[in-house]
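Okay, so the sequence shown: first residue is 1 according to full-length UniProt numbering, each after it adds one.
Just so you know, not all the hints are guaranteed correct.
Derived DSSO-like pairs (lysine-lysine); straight-line CA-CA distance at most 30 Å [claimed, not checked]:
#1 19 / 31
#2 8 / 19
#3 34 / 19
#4 19 / 5
Between beta-carbon pairs, the in silico distance windows are [as the list claims (entries may be wrong)]:
#5 91 / 70: 45 to 51 Å
#6 12 / 82: 23 to 29 Å
#7 119 / 37: 55 to 61 Å
#8 115 / 35: 30 to 36 Å
#9 85 / 20: 23 to 29 Å
#10 46 / 13: 30 to 36 Å
#11 45 / 5: 42 to 48 Å
#12 36 / 115: 39 to 45 Å
#13 89 / 16: 35 to 41 Å
#14 44 / 67: 38 to 44 Å
#15 49 / 74: 54 to 60 Å
#16 4 / 44: 50 to 56 Å
#17 42 / 20: 29 to 35 Å
Bear in mind the hints are in silico, worked out from the structure with no lab data behind them.
From the three backbone atoms N, C-alpha and C, an ideal C-beta is built for every residue, glycine too.
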Amino acid sequence: MPTDKLSKTVDQVVSNARKDREQRDTGYRAKALKMYPWICGRCAREFSQQTLHELTVHHRDHDHDHDNNPEDGSNWELLCVYCHDNEHSRQLDHQYGSLTEDKTKEELMQHPFAGLSDLLNK
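Could you build the full structure based on these sequences and the hints that come with them?
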């Protein structure tokens, strides 16, 4: 590839990257990261620039509406990826019920070798 074409390609890639960054910076995640300290709201884990990708923005309203983004950040909460996953799992358990509801302790116990002696004796 000639040098001029390579230079134009590199310039285009850099230009696109800058536009993408500017667009991201106007998004709710960038706003929340500027507004709140980089600490998980549940486990209090602190984040640095190197680990910031593990910090997410959780929408507090009951249906976790990602379009509900007031400028004051009142619907946002910074959570680490682990606490964020846990929060959504709890929401699903509450909404659809737990897999362990209405089961006794004995029913929840696993017995992986039950019936093994019968199989071995055949």
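Hints, one by one, checked against the model:
{"no.": "1", "hint": "19 / 31", "verdict": "17 Å, holds"}
{"no.": "2", "hint": "8 / 19", "verdict": "16 Å, holds"}
{"no.": "3", "hint": "34 / 19", "verdict": "19 Å, holds"}
{"no.": "4", "hint": "19 / 5", "verdict": "21 Å, holds"}
{"no.": "5", "hint": "91 / 70: 45 to 51 Å", "verdict": "21 Å, violated"}
{"no.": "6", "hint": "12 / 82: 23 to 29 Å", "verdict": "38 Å, violated"}
{"no.": "7", "hint": "119 / 37: 55 to 61 Å", "verdict": "59 Å, holds"}
{"no.": "8", "hint": "115 / 35: 30 to 36 Å", "verdict": "59 Å, violated"}
{"no.": "9", "hint": "85 / 20: 23 to 29 Å", "verdict": "26 Å, holds"}
{"no.": "10", "hint": "46 / 13: 30 to 36 Å", "verdict": "34 Å, holds"}
{"no.": "11", "hint": "45 / 5: 42 to 48 Å", "verdict": "47 Å, holds"}
{"no.": "12", "hint": "36 / 115: 39 to 45 Å", "verdict": "55 Å, violated"}
{"no.": "13", "hint": "89 / 16: 35 to 41 Å", "verdict": "37 Å, holds"}
{"no.": "14", "hint": "44 / 67: 38 to 44 Å", "verdict": "29 Å, violated"}
{"no.": "15", "hint": "49 / 74: 54 to 60 Å", "verdict": "26 Å, violated"}
{"no.": "16", "hint": "4 / 44: 50 to 56 Å", "verdict": "54 Å, holds"}
{"no.": "17", "hint": "42 / 20: 29 to 35 Å", "verdict": "30 Å, holds"}
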